[in-house]
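*Asks:* Sequence:
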Amino acid sequence: MSADLAAYPADTSEDAVRAFLGSAHPIDLAAWLALMPVDEAWALLSGLEDARRASVFENLPLGFQVDLAQHMAPDDLARIVGAMNADDRVDLFNQLPAAAQDRLARDLEPSVREDMRRLSTYAEGSAGAIMTSDFAILDADMTAEGAIDALRLQAPGKETIYRSYVVDRDQRLTGSVRLHALILAEGEARIDTLMEPAPVSVTLETDQEDVAKLIARYDLLAIPVLDGAGRLVGIVTHDDAADVMQAEATEDFQKISTVLPFTQNMRQAGIGMLYSRRIVWLALLIFGNLFSGAGIAYFEDVILAYVSLVFFLPLLIDSSGNAGSQSATLMVRALATGDVALSDWRDLLLREAAVAAALGATMAAVVFPLGAWRGGMDIAMTVSLTMFVAVLIGSLVGMSLPFVLSRLRLDPATASGPLVTTISDGLGVILYFTIASLVLNI
Numbered sequence: 001m002s003a004d005l006a007a008y009p010a011d012t013s014e015d016a017v018r019a020f021l022g023s024a025h026p027i028d029l030a031a032w033l034a035l036m037p038v039d040e041a042w043a044l045l046s047g048l049e050d051a052r053r054a055s056v057f058e059n060l061p062l063g064f065q066v067d068l069a070q071h072m073a074p075d076d077l078a079r080i081v082g083a084m085n086a087d088d089r090v091d092l093f094n095q096l097p098a099a100a101q102d103r104l105a106r107d108l109e110p111s112v113r114e115d116m117r118r119l120s121t122y123a124e125g126s127a128g129a130i131m132t133s134d135f136a137i138l139d140a141d142m143t144a145e146g147a148i149d150a151l152r153l154q155a156p157g158k159e160t161i162y163r164s165y166v167v168d169r170d171q172r173l174t175g176s177v178r179l180h181a182l183i184l185a186e187g188e189a190r191i192d193t194l195m196e197p198a199p200v201s202v203t204l205e206t207d208q209e210d211v212a213k214l215i216a217r218y219d220l221l222a223i224p225v226l227d228g229a230g231r232l233v234g235i236v237t238h239d240d241a242a243d244v245m246q247a248e249a250t251e252d253f254q255k256i257s258t259v260l261p262f263t264q265n266m267r268q269a270g271i272g273m274l275y276s277r278r279i280v281w282l283a284l285l286i287f288g289n290l291f292s293g294a295g296i297a298y299f300e301d302v303i304l305a306y307v308s309l310v311f312f313l314p315l316l317i318d319s320s321g322n323a324g325s326q327s328a329t330l331m332v333r334a335l336a337t338g339d340v341a342l343s344d345w346r347d348l349l350l351r352e353a354a355v356a357a358a359l360g361a362t363m364a365a366v367v368f369p370l371g372a373w374r375g376g377m378d379i380a381m382t383v384s385l386t387m388f389v390a391v392l393i394g395s396l397v398g399m400s401l402p403f404v405l406s407r408l409r410l411d412p413a414t415a416s417g418p419l420v421t422t423i424s425d426g427l428g429v430i431l432y433f434t435i436a437s438l439v440l441n442i
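The numbers in the UniProt record's numbering rise by one with no breaks, and the one at position 50 of the sequence shown is 50.
The hints are simulated quantities; they were obtained by calculation from the structure and are not laboratory data.
Take the hints with a grain of salt, since some may be wrong.
[Unchecked claim] Ranges of calculated distance between the beta carbons of each label pair, as one might list FRET restraints:
(1) E186 <-> L35: 50 to 56 Å
(2) T193 <-> D170: 19 to 25 Å
(3) L62 <-> L349: 39 to 45 Å
(4) D378 <-> A216: 55 to 61 Å
(5) R117 <-> E196: 30 to 36 Å
(6) H238 <-> S343: 28 to 34 Å
(7) A216 <-> V280: 31 to 37 Å
(8) A73 <-> L284: 46 to 52 Å
(9) F253 <-> T193: 44 to 50 Å
(10) R117 <-> R152: 27 to 33 Å
(11) F291 <-> H238: 45 to 51 Å
(12) L35 <-> G228: 43 to 49 Å
(13) T193 <-> V404: 51 to 57 Å
For each residue, glycine too, the CB sits at the ideal point set by N, CA and C.
Given these sequences and hints, build the entire structure.
*Replies:* See below:
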């Protein structure tokens with residue numbers, strides 16, 4: 001059965017729903033409940049035993065969690081939050097109103113409360129904000145047999161035990177050891193002979209996107225997070241890193257389309273929020289498009305002398321914009337993944353010039369016979385020459401703009417799509433009629 005089909009019970013009778021509640025995967029059950037009104041979802045969720053209820057609850061969309069949290073009784077919320085993973089409970093806590101945060105904190109066990117308050121203080125978008133404190137630790141002087149016994153005791157409250165972390169008396173990280181290595185080792189083998197010293201780690205302030213890149217680069221299940229003194233304070237797991245990469249990719253797609261970033265999914269997004277996120281850039285780009293209109297007005301005499309030029313205008317400026325958007329998108333992605341750096345700009349500019357020249361020459365050859373058919377050889381020469389220059393300049397603008405924005409410490413994702421197209425349109429109009437004036441001797 002596919003994941004989409006598994007998310008919904010085929011039979012909606014009371015017995016079938018009860019069976020689905022008890023057997024469905026928590027992720028599928030959460031997806032199904034998220035489609036319901038809050039009161040109906042809580043009526044079904046409240047009937048589950050505590051551990052399963054918490055597992056389903058933490059897989060609900062964060063906005064829906066907040067709605068449910070404000071709908072249920074405080075003691076129910078405290079039981080659910082107390083059973084959630086440390087990083088998931090902090091995400092919820094940070095979204096609750098101040099009064100609800102205070103009430104929830106009072107209802108939680110002291111150790112959970114202090115851990116949650118500590119994790120909630122880290123800056124949004126940092127490793128500290130996405131880490132969990134549910135990690136397994138071992139001593140370097142333990143034996144493999146003793147370490148396995150220790151992990152049996154720690155496992156129920158930890159997010160993962162596939163890799164444990166070795167710390168000294170001051171909680172400074174000295175190494176890490178895989179569960180696989182412990183199982184295969186002789187019982188009396190010491191941990192300090194089995195561990196991997198100086199594991200890859202990050203600090204509390206490391207950007208969450210950089211954390212996710214490190215996890216992907218070194219193929220880690222989790223990465224340790226250290227404070228300024230080198231003490232182990234948490235780990236970021238691969239599933240949280242995947243969530244970060246998905247969120248970052250979504251934000252980049254939004255920026256590429258000149259939409260101000262938002263975190264709600266499209267089903268939950270309201271009309272007012274979508275309007276406010278889209279209108280800003282659309283309004284700003286109006287002024288950019290005025291340059292195209294001003295260019296057309298300036299060359300009015302050229303247009304009146306050769307009306308056939310207007311036929312090719314959309315074709316030429318769209319080709320320039322499309323070529324620029326291609327270049328910008330490729331560069332934005334390359335900068336985001338670390339494939340290229342700001343220092344590579346000059347080499348990439350020369351290569352892009354060669355590629356754009358080849359593209360422009362090919363497209364010029366395609367439009368030349370169209371120009372000859374529509375207005376004769378002079379028009380054909382004008383259109384094909386403009387096509388070559390417009391595609392060349394549009395591509396170079398599209399490639400360079402992400403680097404310029406990065407140099408200004410702005411997000412290069414805003415360089416793609418409508419922004420590059422608007423700039424290329426204005427330049428294309430001026431180029432077209434300037435070349436026409438020269439070739440046609442107007």
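*Asks:* Against the earlier hints, flag every one the structure doesn't satisfy and list their numbers going up.
*Replies:* Violated hints: none at all, because every hint is consistent with the structure.
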